[in-house]
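Enquirer: Single-letter residue listing:
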Amino acid sequence: GAGVSQTPSNKVTEKGKYVELRCDPISGHTALYWYRQSLGQGPEFLIYFQGTGAADDSGLPNDRFFAVRPEGSVSTLKIQRTERGDSAVYLCASSLTAGAYNEQFFGPGTRLTVL
Amino acid sequence: AQRVTQPEKLLSVFKGAPVELKCNYSYSGSPELFWYVQYSRQRLQLLLRHISRESIKGFTADLNKGETSFHLKKPFAQEEDSAMYYCALRDDKIIFGKGTRLHILP
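Going line by line, the protein sequences match chains X and S.
The opening position of the first sequence corresponds to residue 1 in my numbering, with each subsequent residue numbered one higher.
The opening position of the second sequence corresponds to residue 1001 in my numbering, with each subsequent residue numbered one higher.
In short, the hints are calculated from the structure, not lab data.
Note that the coordinates shown come from a computational prediction; the quantities given were computed from them, not determined experimentally.
Don't take every hint at face value.
Example chain S residues on the side facing chain X (calculated, C-beta under 10 Å, incomplete) [stated by the list, open to error]:
1) Lys1009
2) Leu1011
3) Val1013
4) Phe1014
5) Gly1016
6) Glu1032
7) Ile1095
Computed footprint of chain S on chain X, listed as stretches where at least three residues anywhere in the stretch have a Cβ under 8 Å from a Cβ of chain S [stated by the list, open to error]:
8) 43 to 53
9) 107 to 114
Below, computed lysine-lysine pairings styled on DSS-like, alpha-carbon distance capped at 30 Å [what the hints assert, rightly or not]:
10) S/Lys1057 - S/Lys1098
11) X/Lys78 - S/Lys1057
12) X/Lys78 - X/Lys17
13) X/Lys11 - S/Lys1098
14) X/Lys11 - S/Lys1009
15) S/Lys1098 - X/Lys15
16) X/Lys15 - X/Lys78
All residues carry an ideal CB built from backbone N, CA and C; glycine is no exception.
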């Protein structure tokens, strides 16, 4: 079956612009996670959803970042007024449900470059 | 604070030699620990988890609570082991280390 997919694979934008990054989880997975990976770093947690609700958004760096999952499937990560420091690979993962015993399956990532 | 430390950014090992990738953690409670691997141009994937006590692709990792370590080991390196390796701990979200690039020399 299909794995986690993310679009676009690459996004180049200018400082100050708004961007949306999309994640399609594995069908039937109720938990969805967003991570950000900056150059030379491991992935850093941003937010996770259980169903439609954000269960933990403690990793969002500031209020320019927002994520939604209105129907409990596809999720969109939204970044307002982008800054050069937002440049990174944004990873999405999904698991059958939340909890440490459920494997998270990762998407290929979206590489965001802010000029 | 929850933290995962991988002290080596790069580890170069000759083919056939033993491999040990170091990982130390800081966590209050009983951690769930994992190793993830990312091969060139592939997505991040789970390699093994401590609770399974399994060997995957010849790799093993033992949780040492006294030393708060979860080092990844393989007795004989193979060229296809070249990749980025991330140690991680998890409650709901995953906390990753910065990763170690393993380079197997021919």
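Enquirer: Less than 10 Å between beta-carbons is the criterion; does S/Glu1032 satisfy it with respect to chain X?
Expert: Since the shortest Cβ distance to chain X is 4 Å, the answer is holds.
Enquirer: At least three residues with a C-beta closer than 8 Å to a C-beta of chain S: is that true for the stretch 43 to 53 of chain X?
Expert: Since 4 is at least three, the answer is holds.
Enquirer: Going straight from one Cα to the other, do S/Lys1098 and X/Lys15 come out at no more than 30 Å?
Expert: Satisfied, since the Cα-Cα distance of roughly 27 Å is no more than 30 Å.
Enquirer: Between X/Lys11 and S/Lys1009, does the CA-CA distance stay at or below 30 Å?
Expert: Status holds; Cα separation ~28 Å.
Enquirer: Take the C-alpha atoms of X/Lys11 and S/Lys1098, compute the straight-line distance between them, and say whether it is at most 30 Å.
Expert: The given pair, whose Cα atoms are some 24 Å apart, holds under the 30 Å limit.
Enquirer: Sort out whether X/Lys78 lies within 30 Å of X/Lys15, counting only the CA atoms.
Expert: At roughly 14 Å apart (the allowed maximum being 30 Å), X/Lys78 and X/Lys15 satisfy the hint.
Enquirer: Taking the closest Cβ pair, is S/Lys1009 under 10 Å from chain X?
Expert: Holds - the Cβ of S/Lys1009 comes within 10 Å of chain X, reaching about 8 Å at its closest.
Enquirer: Measure nothing beyond the straight line between the CA atoms of X/Lys78 and S/Lys1057; if it is 30 Å or shorter, mark the hint as holding.
Expert: 38 Å, violated
Enquirer: Quick check: the stretch 107 to 114 of chain X, covered by chain S? Criterion 3+ residues, Cβ under 8 Å.
Expert: holds (count 3)
Enquirer: Does S/Phe1014 hold up as a contact with chain X if the rule is Cβ-Cβ below 10 Å?
Expert: 25 Å, violated
Enquirer: Can we keep the S/Leu1011 interface hint, with Cβ of chain X closer than 10 Å?
Expert: Violated - the Cβ of S/Leu1011 stays beyond 10 Å from chain X, reaching only about 15 Å at its closest.
Enquirer: CA of X/Lys78 to CA of X/Lys17, is that 30 Å or under?
Expert: 11 Å, holds
The structure fails hints 2, 3, 4, 5 and 11 (numbered hints given earlier, in ascending order).
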